[in-house]
Amino acid sequence: MTKMNRRDFTTGVVGLGAATATLITPSYAAGKKPRVVVIGGGAGGATAAKYIAKDSKGAIDVTLIEPSKNYYTCFFSNLYIGGHRDYASIGHTYEALASKHGVNVVHDWAMDVDRAAKTVTLASGAKIPYDRLVISPGIDMKYDSVNGYSAGQQNKMPHAWKSGTQVALLKSQVENMREGGTFVMVPPPNPFRCPPGPYERISMIASLLKKKNPTAKIIVLDPKEKFSKQALFTEGWEKHYGDMIEWIPASISGGVKNVNMDTMEIETDIDTFKADAGSIVPAQKAGTICERAGITKGDWCPIIPMTMQSAMDENIHVLGDASVASSMPKSGFSANSQAKVAAMAVRAALTDSKAFPPRFANTCWSLISDNNGVKVGASYKAGAEKIDVVDKFISKTGEADDMRSATYAESEAWYSAITNDMFG
Amino acid sequence: MQLVTKKKLGLCLGIFLISTSAYSGGDPEYGEYLSAECVTCHQANAADAQIPSIEGMSEQGMIGVLKLYRSKDLDNQSMQTVTMRLNDEDIAALAAYYSSLPTSE
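Chains as they are written, first to last, in the working numbering: chain F, 1 to 424; chain C, 1 to 105.
To be clear, the hints were calculated from the coordinates, so they are not data collected in a lab. By construction, the Cβ of each residue, glycine as well, lies at the ideal position given by its N, Cα and C atoms. Wrong hints could be hidden among the right ones.
Claimed, not checked - Reference listing, derived: stretches of chain C covered by chain F, where coverage requires no fewer than 3 residues with Cβ under 8 Å from a Cβ of chain F:
{"#": "1", "stretch": "28 to 40"}
{"#": "2", "stretch": "49 to 55"}
{"#": "3", "stretch": "75 to 89"}
To be verified - A few chain C residues that don't get close to chain F, going by computed Cβ distances all over 12 Å:
{"#": "4", "residue": "Q43"}
{"#": "5", "residue": "S58"}
{"#": "6", "residue": "E59"}
{"#": "7", "residue": "K67"}
{"#": "8", "residue": "S100"}
{"#": "9", "residue": "L101"}
{"#": "10", "residue": "P102"}
{"#": "11", "residue": "T103"}
Next comes chain F alone, as it looks inside the complex:
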């Protein structure tokens, strides 16, 4: 069978400007539908599965492999901690992907990828063949990046960086902290999922403590010297939480030397901090299946910007946090945007559908205090080496309350729209 290779695809796209191009159709035997397998049902994988199934109108068989039957989004999980959402409101199912779009949803773990045979092996032992594979597994933790922290004891100071039950656990730990106690947050080093996330989490924990435990303190032991939306968060923390939050960069603390999970003591060069509750978020890497598939370089998966194909295998597309999609941040919005680019490339490769030049976008909203939302965002295009910024924006310090309130309302409308775009 004739396969279109990457060069054919990119050549097809490059010459066309804003117009459209019909690409060469591979000669799949009549009656034998091309098969796409998608690993991971988050913002990247769910969107890709839906768009490939929906837009191919049954011409492609799509199988989505995702262990969770109820998927809790990472985005807006901080708002649940802060009391602005209930737990159920950040949970979603795959019912519409199956019933409305015809996606074959398999609740199982993808354990291995055989790139030569083009099969995915599941934990149950089944092997699923593919013509194109989309890998969107999100992140895994590098637990040993923080001395003393371990998967076995993580619940004492949960990273809660994959949403779900750990976020519920963290919320209850903050709510049950002793009066005037200390919460210690250790954000991850770059690069990591959701750059403003640790700082929104700090804001939401402060918001909760201000109402329930106003003499409590929050110590942030950051391995970094600067962070996303720093001016906006710093301004908001001072204005709304006074001296509750103390942010200490590694240049001052010397970094976290050791964590004693039994005594909840966090050792640095300047002091040992005793936590009454805490959240330690280790360094991160692409979901482990990426290593199994042999598509990582270092901790992450390099990609071809035009199609989100793996730089190491043209039959695999890698989406979202697991990919090196710089200049785009690791965010749900980014993954959703990349998924649409990949879905179009997959359909063009497997059927006679048109391919247009890829367009990427991202916006990250953060809530600093009640009704006080800010945002940062950009539009992007595929460059030769990476995904390049076309235009970008960020909320300004000192904005009026009604604008911040409108930005927060906008984020709520976005949450509803993007989760519908993923799961609806």
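Starting from the structure of chain F, add chain C where the hints point.
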């Protein structure tokens, strides 16, 4: 306030129906592709949401509003960034596509 409510959108729309010369003939299929970027935030039947539904907007109205965001005469940073890279053909295509859809609500 920075964001455009449905009411304001309607107002802009009215102005443009009067003052803008028509550019039509956009390619709705290309518009459908471009709309994948819109649906991350704009949802059908979002009656009370801060981000309005745009299905079934009039073709000229949508062309007008998108151009106002592009020229930064309307004030939403996200919309200004999105429209900055839309050329007239892109805008016409989006308008052709969205105006062909049934109105929400």
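Structure-based check of each hint:
no.	hint	verdict
1	28 to 40	holds (count 8)
2	49 to 55	holds (count 3)
3	75 to 89	holds (count 9)
4	Q43	violated (4 Å)
5	S58	holds (22 Å)
6	E59	holds (19 Å)
7	K67	holds (16 Å)
8	S100	holds (17 Å)
9	L101	holds (15 Å)
10	P102	holds (17 Å)
11	T103	holds (17 Å)
Checked against the numbered hints given earlier, the structure breaks only hint 4 and satisfies all the rest.
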